[in-house]
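Taken in sequence, the protein lines are chains A and B. Sequential numbering of the first sequence, starting at 1, is according to the UniProt record's numbering. Sequential numbering of the second sequence, starting at 1, is according to the UniProt record's numbering.
One copy or two, either will do: identical chains are not told apart, so a pair holds if it fits within one copy or between any two.
Taking lysine-lysine and the DSS-like style, the derived pairs with C-alpha atoms no more than 30 angstroms apart in a straight line are:
no., residue 1, residue 2
1, LYS168, LYS6
2, LYS160, LYS40
3, LYS100, LYS67
4, LYS157, LYS46
5, LYS100, LYS179
6, LYS67, LYS168
7, LYS46, LYS160
8, LYS168, LYS179
9, LYS6, LYS100
10, LYS40, LYS157
11, LYS179, LYS6
12, LYS168, LYS157
13, LYS93, LYS67
14, LYS46, LYS241
15, LYS50, LYS168
Bear in mind the hints are in silico, worked out from the structure with no lab data behind them.
Spelled out, the chains give:
2 protein chains.
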Amino acid sequence: MSSTDKFILHWLDQSRSHRILWLFETLGLNYELKIYKRTKEFRAPKELEKVHPLGKSPVIEIIREGKEPLLLAETGHIIQYVVENYDTTNILKTSTPEEKELVDYYLHFTEASLQGFLVALLVGQIAQTKAPWGTGFLVKLVTSGINSQYFQPELLKSLKFLESQLAKKSTNQYFVGNKLTGADVILSFPIIDNLFSNPARASTLSGGEVNLVRDFPNLHAWTENVLKLPSYVKTNEIIDKKLGSKL
Amino acid sequence: MSSTDKFILHWLDQSRSHRILWLFETLGLNYELKIYKRTKEFRAPKELEKVHPLGKSPVIEIIREGKEPLLLAETGHIIQYVVENYDTTNILKTSTPEEKELVDYYLHFTEASLQGFLVALLVGQIAQTKAPWGTGFLVKLVTSGINSQYFQPELLKSLKFLESQLAKKSTNQYFVGNKLTGADVILSFPIIDNLFSNPARASTLSGGEVNLVRDFPNLHAWTENVLKLPSYVKTNEIIDKKLGSKL
Numbered sequence: 001m002s003s004t005d006k007f008i009l010h011w012l013d014q015s016r017s018h019r020i021l022w023l024f025e026t027l028g029l030n031y032e033l034k035i036y037k038r039t040k041e042f043r044a045p046k047e048l049e050k051v052h053p054l055g056k057s058p059v060i061e062i063i064r065e066g067k068e069p070l071l072l073a074e075t076g077h078i079i080q081y082v083v084e085n086y087d088t089t090n091i092l093k094t095s096t097p098e099e100k101e102l103v104d105y106y107l108h109f110t111e112a113s114l115q116g117f118l119v120a121l122l123v124g125q126i127a128q129t130k131a132p133w134g135t136g137f138l139v140k141l142v143t144s145g146i147n148s149q150y151f152q153p154e155l156l157k158s159l160k161f162l163e164s165q166l167a168k169k170s171t172n173q174y175f176v177g178n179k180l181t182g183a184d185v186i187l188s189f190p191i192i193d194n195l196f197s198n199p200a201r202a203s204t205l206s207g208g209e210v211n212l213v214r215d216f217p218n219l220h221a222w223t224e225n226v227l228k229l230p231s232y233v234k235t236n237e238i239i240d241k242k243l244g245s246k247l
Numbered sequence: 001m002s003s004t005d006k007f008i009l010h011w012l013d014q015s016r017s018h019r020i021l022w023l024f025e026t027l028g029l030n031y032e033l034k035i036y037k038r039t040k041e042f043r044a045p046k047e048l049e050k051v052h053p054l055g056k057s058p059v060i061e062i063i064r065e066g067k068e069p070l071l072l073a074e075t076g077h078i079i080q081y082v083v084e085n086y087d088t089t090n091i092l093k094t095s096t097p098e099e100k101e102l103v104d105y106y107l108h109f110t111e112a113s114l115q116g117f118l119v120a121l122l123v124g125q126i127a128q129t130k131a132p133w134g135t136g137f138l139v140k141l142v143t144s145g146i147n148s149q150y151f152q153p154e155l156l157k158s159l160k161f162l163e164s165q166l167a168k169k170s171t172n173q174y175f176v177g178n179k180l181t182g183a184d185v186i187l188s189f190p191i192i193d194n195l196f197s198n199p200a201r202a203s204t205l206s207g208g209e210v211n212l213v214r215d216f217p218n219l220h221a222w223t224e225n226v227l228k229l230p231s232y233v234k235t236n237e238i239i240d241k242k243l244g245s246k247l
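Take the sequences, apply the hints, and build the full model.
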């Protein structure tokens, strides 16, 4: 790593890439933003496959002097690698091995467990409105059945788990220790963008019986704290300006 | 870490925990195996929630002299932590930072991307056979529609990506470098257990049009290589003996 290294973030609207922008802003990295917009079917555009064969976002490139550019994919991996190699002033780094272990856990848990249930619920929701292979009513009946049997209980279990983790800490402002870490960065998308900032979606995804603010007071306090962090505010401003509209 | 540290693996049949057993066997760790069996609805039993609030497997405990036991969850995180701290003779460790970066990528990719599509497809498949909220025919119609629109193309894209990664290497026996690493360990469950060792499930999950051996020759060669590794053979023998039947 070197202080002359430059970054490119391939950013897709309404995607997991939002927090990588926040990561770059937090660490003050020298980055360029390439913006992609979803198709009307809410999918990533084909151009992203030219960057990485899986065609997803976030993908980042690290441009290094005298070395091949490094292409990194998978949100948890990107956060882990960038913090390890480019957080030179310990803005996000933890101070004990125990805290580092816990951040690593959240980097895996968020994408491998929590986000999977949200994607499955979201796919079912999109299927209900697009349904080209049948009627919306039937699709709704079946996806609601599958969701209530499997994905919704799993999502709620994960949210209760996160709530309990914050509740047992002396501060509910951050997930690990008393400071911002990669754990807060990775959890910001599913908790804030997918749920707290989108009450209509949260209600549909959770089956309509959950009141996030009432049922998850610690997650709510954490959300309120993140939303007012200067780096997070600036991240949203950058995107509002680039896209010409609120997310 | 210390050579006197002991491990407990909470192992669930037909689950992601199988490869953690393989990890422990590969590293020659001093471990105890606690076996859990799925309910008739193919869910994890409630007892697992006493071990970890999310009630999933794998979960491991590391019993350390003079310290609190350490509870670890999430497959990618467990592999990363155990290799980093307990692979004292470099059986799985990589030799360059580039290889380490690539293993870390696969630890995230496998659970955050590949496994998510497989779980969604599997849930749809179970819903078709259990369907208490409607008829199997309707559930099959709708889940088939959703699967063919979203989850199957994503699964195939991931498999093609893995195939291309092996194809460009000088050996298709391992995913990173010329030796066994955590990447092979984590990929063994989705690729071998879920797909190559279960042609009927593979055919259903992929929509019936895929012939794994014909379409993915490098993944097939890698599978054949892993299946004959002594540590992998021994892992399967241990489970066959404990469960009294083939997996």
